[in-house]
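Visitor: When you get a sec, could you build the whole thing from the sequences and use the hints?
Chains A and B are the protein sequences, given in the same order.
For the first sequence, position 185 (counting from the first letter as 1) is numbered 226 according to my numbering, and the numbering increases by one without interruption.
For the second sequence, position 232 (counting from the first letter as 1) is numbered 233 according to my numbering, and the numbering increases by one without interruption.
These are computed hints drawn from the structure, not numbers from a lab.
All residues carry an ideal CB built from backbone N, CA and C; glycine is no exception.
Any given hint could be a false lead.
Facing chain A, from chain B, some residues (calculated, C-beta under 7 Å) [as the list claims (entries may be wrong)]:
| hint | residue |
| --- | --- |
| 1 | E36 |
| 2 | M68 |
| 3 | M73 |
| 4 | M111 |
| 5 | G114 |
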Amino acid sequence: MDGPTLVERYFAMVRMRRFEEACLAGVPTREIHGELHIGIGQEAVAAAMIGTLRDDDALVSTHRNHLHALAKGVPAQPMLAEIYERATGLCGGFGGHMHLFDLERRFSTTGIVGSTLPVALGHAYAARIEGRDSVAVGVTGDGGANTGGFHESLNMAGAWRLPLVVLIENNEWAISVPFEESTATPTLAERAAAYGAWGRRVDGLDVEAVAEAFGEAVAHARAGHGPAVLEATCYRFRGHYEGDLDLYRPAGEKDRRRQEQDPLSLTRERILARGAATGAELDAGEEEAAAAIAAMLAAVRADPMPDPATARDHVFAGAAAQKGLI
Amino acid sequence: MNTGTAVRNINVSQSIAESLRLEMERDSRVLVLGEDVGLQGGVFGSTRGLQKAFGRDRVRDTPISEMAFTGMAVGLAMEGYRPVVEIMFVDFVGVCLEQVYNAAAKIRYMTGGRVAMPMVIKTAGGCIGSAAQHSQCLWGTFAHLPGLKVVAPSSPYDSKGLMAAAVESDDPVVFIEHKGLLLQKAGSFAHGAEVPRERYTVPLGQAAVVRPGTDLTLVTLSATVGESLAAAGELAAEGVDVEVVDLRSVVPLDLDTVAASVARTGRLLVVDEDYLGFGLSGEVVTGVIERLGPQALRQVARHGTPDVPVPAAITLEQAVVPRRASIGQAVRAMGAAS
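Guide: Take a look at the structure:
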């Protein structure tokens, strides 16, 4: 399949960045509560999935999930409304920023580190027993890769040759614990061998490199060869959550990485160097993306909050909610 | 409950296997996953014959990876399946509780009711002389977590009908068989011994008055229903007429039936094989008082497993777990003769 062009991927990344900045706007105003996890700096990994994943493929994401949802084609406005806790949100305001679900696009999340892969395994099993060539992508971070669910799920997918693609966003930090202090091997991709899986590590700031590797991982799983493990190295530009003082990382290093290793700037430079677009064209597209998200945010802010009278709904199906202990 | 059919001397695990077979026949979306559920048909035989009948895709032996296969059921439910996951012993749920209470129990709510979670977590509980790590009930633990229905049947009839209702339910159901009952033959049950061959359901959340009485309402569930009936038989000879209510499920909890009984008898004793503290017994007592007011109860008592791990030596277990003799003692201590 012909994937998006580099310019198209770049604009997807720009929309992702503006989207998350729109989320950041809701924190100091107390419109968004709880631990908001922002993926700024990790856009290239998400944007690389566009064009390879289909609606019938499943994507199970983490607490840092906005970028993956956008990459899966989850509509941005109900997403933003959910993150802003509005009744018009993807889940009516019952999920919130850590719990985005879009059944139609087989997109789901969990706020619990390491809990994505078991659920993705279920989607992979469904595809397998139905004879569909869909895949299930379970995203995890380098922290989540050290949970038991990672091993259990990959072992099962390997033993049963299930189309599970494990995408590890190795952003070097599990909250305050650095990767090299928490992990026994130099890479996570090398664990693939233990599960009979395809494995590769890729530069997660290079959207084209990730797209190519992700395409290979998905093709491997789609062809029925069993699971794949793709480790994309990247860097979390902000704290673990909004409000995290983030004193565990040297400020100088953060500044340097943001300056020199921003996947958006790197991609823009590559486009200009190749002459794939002019600076003026990119500027225009960036302005357009910013205006679209600003308009979306204004619209979302005008949306109603959920009716407090509905707070006990949805625990159980139908009338059972009235019968139960709630 | 009397269906007019002759007693088939099957055991409880066979009644459950029969229920699952009928559910799998009528709905191709029903799958069974777990350790030793396929080739062996379950360590208690409650999935026996299913793999042969429905194939390996639908009845799957898993590795010892509860977190992965429980989460797998969550993904399958989102794909439109109705998975039945067997956690061999309820005691093992700790390793996958994350998927149970953060995923299965919450996804319907977190999605604003847009995603159903029709899965059954089928497991065996109960104190059977297997010490601290293999003799727990834990239904109170699950009941405390919003979003899970919790069922613990006491008879072969209910085991079959409640399993059908659990599989049919669009909500996650924790179905706790009793290890001590699974291999017991129907003929040995004083209640619910007749198991029709055809499919039927016993609705979730409906308690049953298994023995009518006038002096005291004894509320219990699972294996202690049989123990309580036996105790009630002895007490009848002593002039105490005990009404035994089988809750059948912990969530939803049928406090209407319990309260109606207590309104007649004025005395309430809750017998719970699960840990006493912060559990089912306190919930039942409080719920009845909330409905009837404290003045409606002449007496209230609880008889549960005290808050200690279940001991290994059988003499120690007998000292802490409610059984026929201790239930009789608990009733006598209330001096309930009218």
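Visitor: The structure should be examined with respect to each hint, and the outcome stated for every one.
Guide: Outcome of the hint check:
no.	hint	in the structure
1	E36	violated, 12 Å
2	M68	holds, 5 Å
3	M73	holds, 4 Å
4	M111	holds, 4 Å
5	G114	holds, 4 Å
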